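> Could you slot chain C onto chain G? The hints should help.
Protein chains in written order, with this note's numbering: chain G, 2 to 183; chain C, 2 to 183.
A couple of the hints might just be wrong.
When chains are identical, the list treats them as one kind, so a pair holds in a single copy or across two.
[Claimed, not checked] Think about it this way: if two alpha-carbon atoms lie no more than 20 Å apart in a straight line, the pair counts; the simulated DMTMM-like pairs of lysine to aspartate or glutamate are:
| # | residue 1 | residue 2 |
| --- | --- | --- |
| 1 | Lys72 | Glu137 |
| 2 | Lys9 | Glu43 |
| 3 | Lys63 | Asp25 |
| 4 | Lys126 | Asp95 |
It is worth saying that the hints were derived from the structure and are not from the lab.
Here the structure is a predicted model, which is why all the values come from computation and not from measurement.
2 protein chains.
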Amino acid sequence: MMFRSPIKHCRNCGTTVVYRIPDDGDTRERAVCPACDTIHYENPLPVVGTVPHWGDQVLLCKRNIEPRWGKWTLPAGFMELGETTEQGAARETDEEAGALFEMQGLITVMSVPRVGQVHLFYRAKLLSEAFNPGHETIEARLFTEDEIPWEEIAFRTVKETLHRYFEDRRKGRFEVHAFDIV
Amino acid sequence: MMFRSPIKHCRNCGTTVVYRIPDDGDTRERAVCPACDTIHYENPLPVVGTVPHWGDQVLLCKRNIEPRWGKWTLPAGFMELGETTEQGAARETDEEAGALFEMQGLITVMSVPRVGQVHLFYRAKLLSEAFNPGHETIEARLFTEDEIPWEEIAFRTVKETLHRYFEDRRKGRFEVHAFDIV
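This is chain G alone, in the form it adopts within the complex (with noise of 0.2 Å):
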């Protein structure tokens, strides 16, 4: 769904564009416009979900899309513009969960360099246990700690972010871990 393909024409005018330093100080390569000079910009996205907890429980989908079908996730997908983190954050967990919830504190932030992204997780404290998945979901079900599949988790931000949180759990204490996937 957010797979980049290369820049080869001109968001403007539609002219090939060539790659180059622009003149204007700058230090990286960028696709730049021998017609228009427009030049275009890559960088990083915000991806951004929650850990929806019940009890000592937390809710996580089985996927039903690529990457990583049927593998198990927290509810996240990429920020949209004109939201906050935590509205799309709460949006997410809407569409892709179904559920009744209410938004609680950040917990992780995590780079990913490799794929040009920054990860933020928010608490949910869910409302009730009836869930409502989207299209992108198989199942969403509760897991206790001892229950999630770890083996089959589909990503390893979510697998952070839920070792995070089961670890603040028992201190008892909520706090922002900041940290890289490298």
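Below, chain C alone, put in the same frame as chain G:
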């Protein structure tokens, strides 16, 4: 440097795009190519920076670029592909202030939905009082909290981050502050 002009042509083949909701279950209008079916996504961008500090002073940079030419700011800029948020924040500090420093913890995570950005600031401990600002900076200078020209600060994200930094410093305990600039 990062104004994004509207997408008028396909990045892949140069054809004029149409704005519509793609047929893949998406719920938002995207620039879609009627010739090669490329879907063009536009998402918020991460901005990364630091609060460089020296004793009870912080380093501010007087902007030599628009917007807000001549106003004071913290070193910050758009995160680049291939780097982590912390690496990006360090790079911007090096480029804009030319300071010797050591990176420390994350201090603010701010959504700015009006401009489609997420700002992340880290503390950075200065290791010297010698600065060598780049072309984007007129002057780099240390200020105590009382000396800061609050009315001449370029952005609200910078003002809010400075307030959090000095508050935490007084408390003797730094934490991550996540909030929105709306």
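> A separate judgement is required for each hint: does it hold in the structure or not?
Each hint tested on the structure:
1. Lys72 x Glu137: Answer is within; shortest intra-copy Cα gap is 12 Å, inter-copy 47 Å.
2. Lys9 x Glu43: both (13 Å within a copy, 17 Å between copies)
3. Lys63 x Asp25: between (47 Å within a copy, 19 Å between copies)
4. Lys126 x Asp95: Within one copy only: 13 Å inside, 41 Å across.
This entry satisfies every hint, going by the numbered hints stated previously.
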